[in-house]
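Enquirer: Can you build the whole structure from these sequences, using the hints too?
Chain by chain, the residues:
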Amino acid sequence: MTAVLAKIVFGSYVLVIAAGALTAAISKSLVRALLGLILTLFGVAGLYLLMAAPLVALMQILIYVGAVSILIFFAIMLVRSGPQEDGARPRTVRQVVLSLLALLAPVVILGSAILQGRARGGPLPAEVPVGELGAGLLGPYVLSFELISLVLFVAMAGAVLIAFEKRGKR
Amino acid sequence: MNALMLYQMVAVLLLSTGMFGLIWRRSLVGMLICVELILNGAGLSVVAAAQLTPANAMLGQLATLFIMGLAAAEATLVLAIIRVVFNRFKTSESEAVSELKG
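As given, the protein sequences belong to chains A and B, one line each in that order.
Using the working numbering, read the first sequence as starting at 1 and increasing by one per residue.
Using the working numbering, read the second sequence as starting at 1001 and increasing by one per residue.
It is worth saying that the hints were derived from the structure and are not from the lab.
Any given hint might turn out to be false.
What the hints assert, rightly or not - Label pairs and their in silico Cβ distance ranges:
#, chain 1, residue 1, chain 2, residue 2, range
1, B, Asn1002, A, Ile162, 44 to 50 Å
2, B, Val1097, A, Thr2, 48 to 54 Å
3, B, Phe1089, A, Gly131, 28 to 34 Å
4, A, Thr2, B, Leu1059, 25 to 31 Å
5, A, Ala135, B, Phe1089, 48 to 54 Å
6, B, Glu1095, A, Thr2, 50 to 56 Å
7, B, Val1084, A, Ala113, 19 to 25 Å
8, B, Glu1099, A, Val160, 42 to 48 Å
9, B, Pro1054, A, Val96, 18 to 24 Å
Claimed, not checked - Which chain B residues face chain A? A few, computed with CB under 7 Å, are given here:
#, residue
10, Asn1040
11, Val1046
12, Val1047
Note that the Cβ used here is the ideal one computed from N, Cα and C, for glycine as well.
Expert: Right under this line is the structure:
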């Protein structure tokens, strides 16, 4: 019973992810593309929950839906694009061919690798306690933890420096 | 078709859709959205490989948390770059930004 239910839930999450990703990739309006991205983020968070990783799911919603999508919305507002922004001119044949190639290459290469790799799944996923994650973050992986905070700090400071250049100075 | 393969297939779907959109999109903001799709696929793949195999589950979850932090840093920087490009070129299309020493 639970296995069937898990399959149904997995299928619906995959549907949500596929619809959101497609909208994010080809929608003409950027705001709709952003909404598609948010839909995809929620679907991936659901998959994390299915894999018994609730902390990662929560962080996905907090960081991606809460912070990154707001940033992208600021970017959309900053460039003040019109409604026809992304479809004003028809695309060249070269662009269409290249984008289809970029679509097919990962599917063919990685998909065949997955199918032939015979990756064996282990037992049912077990939930890692949050305390253990925290202990890992402050114990053996404390250097990468500090480095990621440094990267974030440098990125924010650099963004402020770039964005607030003085006018007329160039 | 076990669970691990299914999750990896979803990750490949996210990667390929993101790469498609990266070339299909003309505006820088749309390309940023597609990069976020790709990063999400990477995180999903890492967590699936950690949770559904006998590998170290804690390591995979921490790696995905780091990926999320890097994605946030990247989005901030790209936002600043888009703002500068828009100020100089008055557009955010990627094809317009093709001159050096403008």
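Enquirer: Please test the hint of 25 to 31 Å on the beta carbon pair from threonine 2 of chain A and leucine 1059 of chain B.
Expert: Holds: the Cβ-Cβ distance is about 28 Å, inside 25 to 31 Å.
Enquirer: Per the hint of 50 to 56 Å, is the separation of the Cβ atoms of glutamate 1095 of chain B and threonine 2 of chain A within bounds?
Expert: 52 Å, holds
Enquirer: Taking 7 Å as the limit, does the beta-carbon of asparagine 1040 of chain B come near enough to a beta-carbon in chain A?
Expert: The hint holds - asparagine 1040 of chain B has a Cβ within 7 Å of chain A, the shortest such distance being about 5 Å.
Enquirer: Restraint: valine 1047 of chain B near chain A, CB-CB cut 7 Å. Satisfied or not?
Expert: 6 Å, holds
Enquirer: For the hint 28 to 34 Å, verify it against the beta carbon of phenylalanine 1089 of chain B and that of glycine 131 of chain A.
Expert: Because 51 Å falls outside the window, the suggested range is violated.
Enquirer: Taking the Cβ atom of valine 1097 of chain B and the Cβ atom of threonine 2 of chain A, is their distance within the range 48 to 54 Å?
Expert: 53 Å, holds
Enquirer: Look at the Cβ atoms of asparagine 1002 of chain B and isoleucine 162 of chain A and judge whether their distance stays inside 44 to 50 Å.
Expert: 47 Å, holds
Enquirer: Would the stated hint for valine 1046 of chain B survive a check requiring a Cβ distance to chain A of less than 7 Å?
Expert: 10 Å, violated
Enquirer: Can you tell me whether the CB distance of glutamate 1099 of chain B to valine 160 of chain A sits inside 42 to 48 Å?
Expert: Check failed, 26 Å falls outside 42 to 48 Å.
Enquirer: The hint says 18 to 24 Å between proline 1054 of chain B and valine 96 of chain A; measuring C-beta to C-beta, is that right?
Expert: 44 Å, violated
Enquirer: For alanine 135 of chain A and phenylalanine 1089 of chain B, compare the CB-CB distance with the range 48 to 54 Å and indicate the outcome.
Expert: 49 Å, holds
Enquirer: Against the range 19 to 25 Å, how does the distance between the Cβ atoms of valine 1084 of chain B and alanine 113 of chain A compare: consistent or not?
Expert: Given range 19 to 25 Å: violated, Cβ gap about 40 Å.
The structure fails hints 3, 7, 8, 9, 11 (numbered hints given earlier, in ascending order).
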